[in-house]
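Chains as they are written, first to last, in our numbering: chain H, 1 to 334; chain R, 1 to 334.
In case anyone wonders, no lab produced these hints; they're calculated from the structure.
Errors might be hidden in some of the hints.
[Said to hold, decoys possible] Output of the computed footprint for chain H on chain R, the stretches with three or more beta carbons under 8 Å from beta carbons of chain H:
1) 146-154
2) 212-221
3) 235-249
4) 270-282
[To be verified] Derived DSS-like pairs: lysine-lysine, alpha-carbon spacing no greater than 25 Å straight-line:
5) R/K155 x R/K197
6) H/K252 x R/K155
7) R/K252 x H/K271
8) H/K81 x R/K252
Heads up, the beta-carbon is just placed ideally off N, CA and C, and yes, glycines get one too.
2 protein chains.
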Amino acid sequence: MSKIVKIAIDAMGGENSPKKIIDGILTSLKSNSENYFYLFGNESEIKKQLDKNKSLNKYCEIINTESVISDDEGPLTAAKKGKNSSMWKAIEAQKENKCDITLSAGNTGALLVISRLLLSTIQGINKPALAGLWPSKNNLNVMLDLGANIECNEKNLLDFTIMGSALYKSLFNNITPKVSLLNVGQEEIKGNEIIKKTFSILKEKKTQNFNFAGYIEGNQIMDGDTNVIVTDGFTGNIALKTAEGTANFLTKNLKISLNKLSMLLSYYSLKKFKERLDPRKYNGAILLGLQGPVVKSHGATDYIGFAYSIEMCNKIVKSNLIEKIKTHLIDIDH
Amino acid sequence: MSKIVKIAIDAMGGENSPKKIIDGILTSLKSNSENYFYLFGNESEIKKQLDKNKSLNKYCEIINTESVISDDEGPLTAAKKGKNSSMWKAIEAQKENKCDITLSAGNTGALLVISRLLLSTIQGINKPALAGLWPSKNNLNVMLDLGANIECNEKNLLDFTIMGSALYKSLFNNITPKVSLLNVGQEEIKGNEIIKKTFSILKEKKTQNFNFAGYIEGNQIMDGDTNVIVTDGFTGNIALKTAEGTANFLTKNLKISLNKLSMLLSYYSLKKFKERLDPRKYNGAILLGLQGPVVKSHGATDYIGFAYSIEMCNKIVKSNLIEKIKTHLIDIDH
Numbered sequence: 001m002s003k004i005v006k007i008a009i010d011a012m013g014g015e016n017s018p019k020k021i022i023d024g025i026l027t028s029l030k031s032n033s034e035n036y037f038y039l040f041g042n043e044s045e046i047k048k049q050l051d052k053n054k055s056l057n058k059y060c061e062i063i064n065t066e067s068v069i070s071d072d073e074g075p076l077t078a079a080k081k082g083k084n085s086s087m088w089k090a091i092e093a094q095k096e097n098k099c100d101i102t103l104s105a106g107n108t109g110a111l112l113v114i115s116r117l118l119l120s121t122i123q124g125i126n127k128p129a130l131a132g133l134w135p136s137k138n139n140l141n142v143m144l145d146l147g148a149n150i151e152c153n154e155k156n157l158l159d160f161t162i163m164g165s166a167l168y169k170s171l172f173n174n175i176t177p178k179v180s181l182l183n184v185g186q187e188e189i190k191g192n193e194i195i196k197k198t199f200s201i202l203k204e205k206k207t208q209n210f211n212f213a214g215y216i217e218g219n220q221i222m223d224g225d226t227n228v229i230v231t232d233g234f235t236g237n238i239a240l241k242t243a244e245g246t247a248n249f250l251t252k253n254l255k256i257s258l259n260k261l262s263m264l265l266s267y268y269s270l271k272k273f274k275e276r277l278d279p280r281k282y283n284g285a286i287l288l289g290l291q292g293p294v295v296k297s298h299g300a301t302d303y304i305g306f307a308y309s310i311e312m313c314n315k316i317v318k319s320n321l322i323e324k325i326k327t328h329l330i331d332i333d334h
Numbered sequence: 001m002s003k004i005v006k007i008a009i010d011a012m013g014g015e016n017s018p019k020k021i022i023d024g025i026l027t028s029l030k031s032n033s034e035n036y037f038y039l040f041g042n043e044s045e046i047k048k049q050l051d052k053n054k055s056l057n058k059y060c061e062i063i064n065t066e067s068v069i070s071d072d073e074g075p076l077t078a079a080k081k082g083k084n085s086s087m088w089k090a091i092e093a094q095k096e097n098k099c100d101i102t103l104s105a106g107n108t109g110a111l112l113v114i115s116r117l118l119l120s121t122i123q124g125i126n127k128p129a130l131a132g133l134w135p136s137k138n139n140l141n142v143m144l145d146l147g148a149n150i151e152c153n154e155k156n157l158l159d160f161t162i163m164g165s166a167l168y169k170s171l172f173n174n175i176t177p178k179v180s181l182l183n184v185g186q187e188e189i190k191g192n193e194i195i196k197k198t199f200s201i202l203k204e205k206k207t208q209n210f211n212f213a214g215y216i217e218g219n220q221i222m223d224g225d226t227n228v229i230v231t232d233g234f235t236g237n238i239a240l241k242t243a244e245g246t247a248n249f250l251t252k253n254l255k256i257s258l259n260k261l262s263m264l265l266s267y268y269s270l271k272k273f274k275e276r277l278d279p280r281k282y283n284g285a286i287l288l289g290l291q292g293p294v295v296k297s298h299g300a301t302d303y304i305g306f307a308y309s310i311e312m313c314n315k316i317v318k319s320n321l322i323e324k325i326k327t328h329l330i331d332i333d334h
């Protein structure tokens, strides 16, 4: 039997929790029973959900916690007052090596701050970054930073390149990724000073762990020609949210334009379209650069989205992501 | 009879020119005959197109020029070598007050550099900006800067606010716009130092010319709750291109998913969908901050898109955009 992956789950974070958390675990167990779940949160609420399916008890342990960090809490207040929260206790368990990874659908800002407080950074990394999966023509890209660091220098962007490549290899069968820097043009002279410096550094790096492919522009993110897209957290966050907004706008307009009859006639085609682009399939942003991996599920996702983020946690631990990042750092003579 | 708007057109810029230029003029004349066109470019090529419809001669004058700036020319080389080009000569005619506005579908970088070289900036404005129209739930937004200035300070962002509001009023019946700053969150403490400083400045400004509505995030650009979106040229360019890429990706996937039968059955609905979001309807980015207005048409647009950008030029001149910007500057005690 393979090694069991121990996942610390903030069972109270996100909409509709803990119900969707438990339903997500149940769904994930259908395809993978190699995980064990430590569920942090209100014991009676979690137990009520677990009792609906007795088979779950074999895979779960509840750790009762006293409070929940709400979505509108500021990250610093949350970190200050949240020491007894489900989120804090989950990360603390990971810090004490009781678990391999933490998963939460709760307050993103609080998760970033508490993770940084409790888990130390990997030696050589100055700023941890938030990485996400982005659909493209061929498969999925890794993109980072999605908002953890508003201002980044060339050293940070180099770190993101190294960590993003390690993540890509962890999630996609150890394939060596093509890495691109997000910029406003493709010529070497384009962009601000920090991007130009990062370009020169990456151009000179000799490594087996990634292939640097230069700059890409915003309209090329989904072209499928590159695997890891590196940018600062401000730009990455704006790009990610602009893409989300555009997708919502288009699908709403499509619904308005299609009348009931053509909706009915195109039912299966539209279903296929929706399935191809289902955001639940790439639910989960990964905080990279700490001694332990932390995964943030979308707060509004349902149990299926949550099951996908459990699968992501399993892959990250089994592929030894943190060790991969350390090896990449040494390899590149960082 | 109303005042005739004199438009200097770089008739050689963009794909399929000068044919699409002349066809665009013909289309625009069907709804508005208040423009007169100075066509800069290869006389015989332009004449060949004009001769297809003799009625056009009444509205057009050809000025023969010797060269064309190609799309892959660097902006500085273009400015250095391009003194006899159709683009240069068109802007030069505007500088000499022979025309009210310049329109080009050619090389964007070259157009920005040559415009700045030939036309002086409005007193009080440090950096001209490129503004564009962006579809939203309710109508169209103005967004700027879309890429003219990679790095901007709070003074620049304030200038963009003033110029963007004047443009919005020019294009949309003098309606006082709501202005928002693009950021990674909506709380006052979010973002980098420059954005926070701009927020404080705008919060204190008392003016009748715009209403400051705070921050918006990338996913809210198309919500229709705001009219003018202000950002630096790096972020604006990434956001614009990411939105374009996302829209292309989705429509391509929709085509793949819909089989031939459902395409046929949904023909009119899909046509309606396409029409609602037709990017030709908001073709044209406006370079703001110079003593004369310059409009950049998308290089790849067709004659219909070009006709829309002619209509935009007409509105800009007739609404006295440059005077509006100057009045806004004085009003805000800049």
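Tell me the hint numbers this structure goes against, listed in increasing order. 6, 8
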